[in-house]
Amino acid sequence: MAPGGAAGRRLALIVSYAGAGFSGFQRQAGTETVQACLEAALSDLAGVPVAIRGAGRTDAGVHAAGQVVDCVLPPEVRLPAARLPLALARRLPPAVAVAAAFEVDAGFHSRKSALGKRYRFLIWRAETASPFWRAYAWHHTGRLDVAAMAHAAGVLVGRHDFRAFAGAARPVADATRTVAACTVYEDGPWLAVEVEADGFLYRMVRAIAGTLVEVGRGALRVDAVPALLAGGRRGQAGPSLPAHGLCLLWVRYPALAGLPPPGSPAWPIPPGPAPGGGSEAPPPEPPGA
33 MAPGGAAGRR LALIVSYAGA GFSGFQRQAG TETVQACLEA ALSDLAGVPV AIRGAGRTDA
93 GVHAAGQVVD CVLPPEVRLP AARLPLALAR RLPPAVAVAA AFEVDAGFHS RKSALGKRYR
153 FLIWRAETAS PFWRAYAWHH TGRLDVAAMA HAAGVLVGRH DFRAFAGAAR PVADATRTVA
213 ACTVYEDGPW LAVEVEADGF LYRMVRAIAG TLVEVGRGAL RVDAVPALLA GGRRGQAGPS
273 LPAHGLCLLW VRYPALAGLP PPGSPAWPIP PGPAPGGGSE APPPEPPGA
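Take any residue in the sequence shown, note its place counting from 1, add 32, and you have its number in the numbering used here.
In case anyone wonders, no lab produced these hints; they're calculated from the structure.
Certain hints may be false.
Below, computed lysine to aspartate or glutamate pairings styled on DMTMM-like, alpha-carbon distance capped at 25 Å [said to hold, decoys possible]:
(1) 144 x 193
(2) 144 x 71
(3) 144 x 230
(4) 144 x 206
(5) 144 x 91
Use the sequences and the hints to build the structure in full.
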(Lines of atoms letter the chains of each structure in order from A; the text may use other names.)
(Lines give C-alpha, C1' and ligand atoms only; values in the text may rest on other atoms or scores of the structure.)
Protein backbone atom coordinates (compact mmCIF):
# COMPACT_ATOMS: atom_id res chain seq x y z
CA MET A 33 0.00 0.00 0.00
CA ALA A 34 1.29 3.45 -0.85
CA PRO A 35 2.15 5.89 1.96
CA GLY A 36 -1.07 7.33 3.39
CA GLY A 37 -3.22 4.36 2.30
CA ALA A 38 -6.21 4.26 -0.03
CA ALA A 39 -7.60 7.52 1.34
CA GLY A 40 -4.61 9.43 0.02
CA ARG A 41 -0.92 10.10 0.57
CA ARG A 42 0.39 11.14 3.95
CA LEU A 43 3.13 13.72 3.60
CA ALA A 44 5.49 15.35 6.07
CA LEU A 45 6.49 18.94 5.37
CA ILE A 46 9.46 20.86 6.75
CA VAL A 47 8.18 24.39 7.26
CA SER A 48 9.95 27.70 8.00
CA TYR A 49 8.26 30.87 9.20
CA ALA A 50 8.99 34.28 10.63
CA GLY A 51 6.72 34.42 13.64
CA ALA A 52 6.35 38.17 14.14
CA GLY A 53 3.05 38.48 12.27
CA PHE A 54 1.40 35.38 13.72
CA SER A 55 -0.45 34.57 16.94
CA GLY A 56 1.53 31.36 17.16
CA PHE A 57 1.41 28.14 15.18
CA GLN A 58 -1.89 26.62 16.31
CA ARG A 59 -5.14 27.67 14.67
CA GLN A 60 -7.16 30.19 16.70
CA ALA A 61 -10.44 31.82 15.83
CA GLY A 62 -10.23 35.41 14.64
CA THR A 63 -6.45 35.68 14.38
CA GLU A 64 -3.66 34.83 11.94
CA THR A 65 -1.76 31.63 12.66
CA VAL A 66 0.77 29.52 10.76
CA GLN A 67 -1.50 26.48 10.83
CA ALA A 68 -4.36 28.42 9.24
CA CYS A 69 -2.08 29.68 6.44
CA LEU A 70 -0.76 26.21 5.68
CA GLU A 71 -4.19 24.60 5.74
CA ALA A 72 -5.59 27.28 3.42
CA ALA A 73 -2.74 26.76 0.94
CA LEU A 74 -3.02 22.96 1.00
CA SER A 75 -6.79 23.10 0.70
CA ASP A 76 -6.54 25.40 -2.31
CA LEU A 77 -4.06 23.03 -3.93
CA ALA A 78 -6.15 19.93 -3.22
CA GLY A 79 -9.55 21.44 -3.98
CA VAL A 80 -10.89 19.99 -0.69
CA PRO A 81 -10.28 20.88 2.97
CA VAL A 82 -6.90 19.62 4.21
CA ALA A 83 -5.99 19.58 7.90
CA ILE A 84 -2.45 19.42 9.26
CA ARG A 85 -0.81 18.24 12.48
CA GLY A 86 2.24 20.04 13.82
CA ALA A 87 5.23 18.68 15.72
CA GLY A 88 4.61 21.34 18.37
CA ARG A 89 2.94 24.63 19.13
CA THR A 90 5.18 27.67 18.89
CA ASP A 91 3.93 30.77 20.68
CA ALA A 92 3.09 34.15 19.20
CA GLY A 93 6.21 35.77 17.77
CA VAL A 94 8.37 32.64 17.88
CA HIS A 95 10.14 31.68 14.64
CA ALA A 96 10.80 28.28 13.09
CA ALA A 97 13.46 27.15 10.66
CA GLY A 98 12.37 23.50 10.76
CA GLN A 99 8.85 22.98 12.04
CA VAL A 100 7.34 19.70 10.83
CA VAL A 101 3.70 19.13 9.90
CA ASP A 102 1.93 16.19 8.34
CA CYS A 103 -1.23 15.92 6.28
CA VAL A 104 -3.08 13.63 3.90
CA LEU A 105 -3.60 14.72 0.31
CA PRO A 106 -6.42 13.05 -1.64
CA PRO A 107 -5.52 10.54 -4.39
CA GLU A 108 -6.54 13.07 -7.05
CA VAL A 109 -3.54 15.23 -6.14
CA ARG A 110 -0.82 13.45 -8.08
CA LEU A 111 1.83 16.15 -7.67
CA PRO A 112 5.14 14.55 -6.57
CA ALA A 113 6.25 15.44 -3.07
CA ALA A 114 9.40 17.09 -4.43
CA ARG A 115 7.29 19.63 -6.35
CA LEU A 116 4.97 20.45 -3.47
CA PRO A 117 7.12 23.25 -1.95
CA LEU A 118 7.06 25.24 -5.20
CA ALA A 119 3.33 24.67 -5.68
CA LEU A 120 2.63 25.94 -2.16
CA ALA A 121 4.99 28.92 -2.49
CA ARG A 122 2.45 30.61 -4.76
CA ARG A 123 -0.26 30.11 -2.16
CA LEU A 124 1.55 31.09 1.03
CA PRO A 125 2.39 34.53 2.46
CA PRO A 126 6.06 35.62 2.30
CA ALA A 127 6.56 34.85 6.00
CA VAL A 128 5.88 31.11 5.51
CA ALA A 129 7.70 28.63 3.28
CA VAL A 130 7.70 24.86 2.82
CA ALA A 131 11.33 23.84 2.45
CA ALA A 132 10.82 20.15 1.69
CA ALA A 133 8.12 17.49 1.51
CA PHE A 134 8.34 13.72 1.93
CA GLU A 135 5.91 10.84 1.52
CA VAL A 136 5.71 8.98 4.82
CA ASP A 137 3.96 5.92 6.19
CA ALA A 138 0.27 6.17 7.11
CA GLY A 139 1.19 5.81 10.80
CA PHE A 140 3.50 8.83 10.84
CA HIS A 141 2.50 11.56 13.31
CA SER A 142 4.54 14.75 13.32
CA ARG A 143 4.30 15.10 17.11
CA LYS A 144 3.93 11.53 18.40
CA SER A 145 6.61 10.11 16.09
CA ALA A 146 9.17 12.76 17.09
CA LEU A 147 12.13 11.81 19.29
CA GLY A 148 12.95 15.38 20.21
CA LYS A 149 13.15 19.00 19.15
CA ARG A 150 15.88 21.63 19.32
CA TYR A 151 15.31 25.32 19.96
CA ARG A 152 17.75 28.21 19.97
CA PHE A 153 17.45 31.51 21.79
CA LEU A 154 19.57 34.17 20.10
CA ILE A 155 21.10 37.20 21.81
CA TRP A 156 22.72 40.16 20.02
CA ARG A 157 25.45 41.65 22.25
CA ALA A 158 26.74 44.58 20.20
CA GLU A 159 26.55 48.01 21.84
CA THR A 160 23.77 49.10 19.51
CA ALA A 161 20.82 47.12 18.18
CA SER A 162 21.01 45.86 14.61
CA PRO A 163 18.25 46.93 12.21
CA PHE A 164 18.87 43.68 10.34
CA TRP A 165 18.67 41.26 13.27
CA ARG A 166 16.41 42.95 15.79
CA ALA A 167 13.46 40.83 14.59
CA TYR A 168 15.31 37.57 15.35
CA ALA A 169 17.53 38.28 18.35
CA TRP A 170 17.13 39.85 21.79
CA HIS A 171 19.45 42.81 22.27
CA HIS A 172 21.51 42.77 25.47
CA THR A 173 24.37 45.19 26.15
CA GLY A 174 25.56 44.27 29.65
CA ARG A 175 28.48 41.99 30.37
CA LEU A 176 27.71 38.27 30.57
CA ASP A 177 29.91 35.56 32.04
CA VAL A 178 29.50 33.02 29.24
CA ALA A 179 31.54 30.34 31.01
CA ALA A 180 29.23 30.53 34.05
CA MET A 181 26.22 30.32 31.76
CA ALA A 182 27.62 27.19 30.13
CA HIS A 183 28.24 25.58 33.51
CA ALA A 184 24.66 26.29 34.55
CA ALA A 185 23.38 24.97 31.22
CA GLY A 186 25.14 21.66 31.84
CA VAL A 187 23.24 21.24 35.10
CA LEU A 188 19.96 21.22 33.16
CA VAL A 189 20.92 18.22 31.02
CA GLY A 190 19.13 15.03 32.02
CA ARG A 191 15.66 14.08 33.19
CA HIS A 192 14.32 16.66 35.65
CA ASP A 193 11.19 18.37 36.86
CA PHE A 194 11.20 21.69 34.98
CA ARG A 195 8.21 23.20 36.80
CA ALA A 196 10.33 26.22 37.79
CA PHE A 197 10.81 26.96 34.08
CA ALA A 198 7.16 26.61 33.01
CA GLY A 199 4.76 29.43 32.23
CA ALA A 200 1.79 29.52 34.58
CA ALA A 201 -0.70 30.02 31.73
CA ARG A 202 -0.55 26.31 30.82
CA PRO A 203 -0.21 24.24 34.02
CA VAL A 204 0.61 20.55 33.58
CA ALA A 205 0.31 17.60 35.94
CA ASP A 206 3.75 16.24 35.00
CA ALA A 207 6.54 18.75 34.34
CA THR A 208 9.25 16.12 33.92
CA ARG A 209 11.20 16.38 30.68
CA THR A 210 14.49 14.93 29.40
CA VAL A 211 16.96 17.53 28.13
CA ALA A 212 19.46 15.85 25.82
CA ALA A 213 21.59 18.96 25.29
CA CYS A 214 21.78 22.49 26.64
CA THR A 215 24.67 24.53 25.29
CA VAL A 216 25.81 28.13 25.22
CA TYR A 217 28.07 29.40 22.44
CA GLU A 218 29.26 32.73 21.11
CA ASP A 219 30.11 33.86 17.61
CA GLY A 220 31.15 37.49 17.29
CA PRO A 221 28.27 39.65 18.56
CA TRP A 222 26.02 36.58 18.82
CA LEU A 223 25.36 34.58 21.95
CA ALA A 224 23.13 31.54 21.58
CA VAL A 225 21.44 29.14 23.96
CA GLU A 226 20.41 25.84 22.35
CA VAL A 227 18.19 23.30 24.08
CA GLU A 228 17.22 19.85 22.79
CA ALA A 229 14.62 17.82 24.68
CA ASP A 230 11.99 15.15 24.26
CA GLY A 231 9.33 17.75 25.01
CA PHE A 232 8.93 21.31 26.25
CA LEU A 233 6.70 23.10 28.72
CA TYR A 234 5.05 26.42 27.93
CA ARG A 235 7.80 29.07 27.61
CA MET A 236 10.38 26.60 28.94
CA VAL A 237 13.24 27.54 26.61
CA ARG A 238 12.65 31.26 27.08
CA ALA A 239 12.75 30.73 30.86
CA ILE A 240 15.92 28.65 30.60
CA ALA A 241 17.54 31.40 28.51
CA GLY A 242 16.40 34.04 31.00
CA THR A 243 17.80 32.01 33.90
CA LEU A 244 21.15 31.55 32.16
CA VAL A 245 21.32 35.29 31.48
CA GLU A 246 20.74 35.90 35.20
CA VAL A 247 23.67 33.57 35.89
CA GLY A 248 25.76 35.43 33.32
CA ARG A 249 24.89 38.77 34.96
CA GLY A 250 25.90 37.43 38.37
CA ALA A 251 22.36 37.82 39.72
CA LEU A 252 21.98 34.06 40.16
CA ARG A 253 24.65 31.62 41.27
CA VAL A 254 25.35 28.46 39.30
CA ASP A 255 24.89 26.38 42.45
CA ALA A 256 21.34 27.72 42.77
CA VAL A 257 20.26 25.96 39.57
CA PRO A 258 20.01 22.41 41.03
CA ALA A 259 17.50 23.71 43.59
CA LEU A 260 15.30 24.95 40.75
CA LEU A 261 15.15 21.37 39.47
CA ALA A 262 14.35 20.02 42.93
CA GLY A 263 11.03 21.68 43.62
CA GLY A 264 11.90 25.27 42.78
CA ARG A 265 9.16 27.77 42.03
CA ARG A 266 8.77 29.73 38.79
CA GLY A 267 9.56 33.02 40.53
CA GLN A 268 12.95 31.70 41.66
CA ALA A 269 14.18 31.19 38.09
CA GLY A 270 14.98 33.89 35.57
CA PRO A 271 12.40 35.72 33.45
CA SER A 272 11.02 34.44 30.15
CA LEU A 273 12.95 36.34 27.49
CA PRO A 274 11.07 37.87 24.51
CA ALA A 275 9.53 35.53 21.94
CA HIS A 276 11.31 37.06 18.93
CA GLY A 277 14.68 35.65 20.06
CA LEU A 278 13.45 32.05 19.93
CA CYS A 279 13.58 29.75 16.90
CA LEU A 280 12.64 26.09 16.47
CA LEU A 281 15.65 24.68 14.62
CA TRP A 282 14.54 21.14 13.80
CA VAL A 283 12.64 18.04 14.89
CA ARG A 284 14.36 14.67 15.18
CA TYR A 285 12.65 11.45 14.02
CA PRO A 286 13.61 7.78 13.88
CA ALA A 287 15.56 6.84 10.75
CA LEU A 288 12.65 4.77 9.40
CA ALA A 289 10.22 7.71 9.59
CA GLY A 290 11.30 8.95 6.18
CA LEU A 291 12.65 12.39 7.11
CA PRO A 292 16.35 13.29 6.84
CA PRO A 293 18.37 13.66 10.05
CA PRO A 294 19.06 17.14 11.47
CA GLY A 295 22.01 18.79 9.78
CA SER A 296 21.22 17.47 6.31
CA PRO A 297 20.58 20.00 3.50
CA ALA A 298 16.81 19.49 3.70
CA TRP A 299 16.70 21.41 6.98
CA PRO A 300 16.67 25.19 6.38
CA ILE A 301 19.33 27.48 7.81
CA PRO A 302 17.92 29.71 10.58
CA PRO A 303 18.73 33.40 10.95
CA GLY A 304 21.98 34.22 12.74
CA PRO A 305 25.09 32.04 13.09
CA ALA A 306 25.15 28.38 12.13
CA PRO A 307 23.50 26.24 14.83
CA GLY A 308 26.13 25.09 17.27
CA GLY A 309 28.70 27.22 15.49
CA GLY A 310 31.08 29.75 16.85
CA SER A 311 33.06 29.19 19.99
CA GLU A 312 31.37 27.04 22.61
CA ALA A 313 31.97 27.91 26.22
CA PRO A 314 33.95 25.38 28.28
CA PRO A 315 31.98 22.42 29.67
CA PRO A 316 31.21 22.16 33.39
CA GLU A 317 34.17 21.19 35.53
CA PRO A 318 33.99 17.77 37.18
CA PRO A 319 33.08 17.72 40.91
CA GLY A 320 36.02 18.61 43.08
CA ALA A 321 37.97 20.26 40.27
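Going through the hints against the structure:
1. 144 x 193: Holds. Residue 144 to residue 193 sits at ~21 Å (cutoff 25 Å).
2. 144 x 71: Roughly 20 Å between the alpha carbons, so the hint for residue 144 and residue 71 holds.
3. 144 x 230: At roughly 11 Å apart (the allowed maximum being 25 Å), residue 230 and residue 144 satisfy the hint.
4. 144 x 206: holds (17 Å)
5. 144 x 91: holds (19 Å)
Taken one by one, the earlier hints all hold for this structure without exception.
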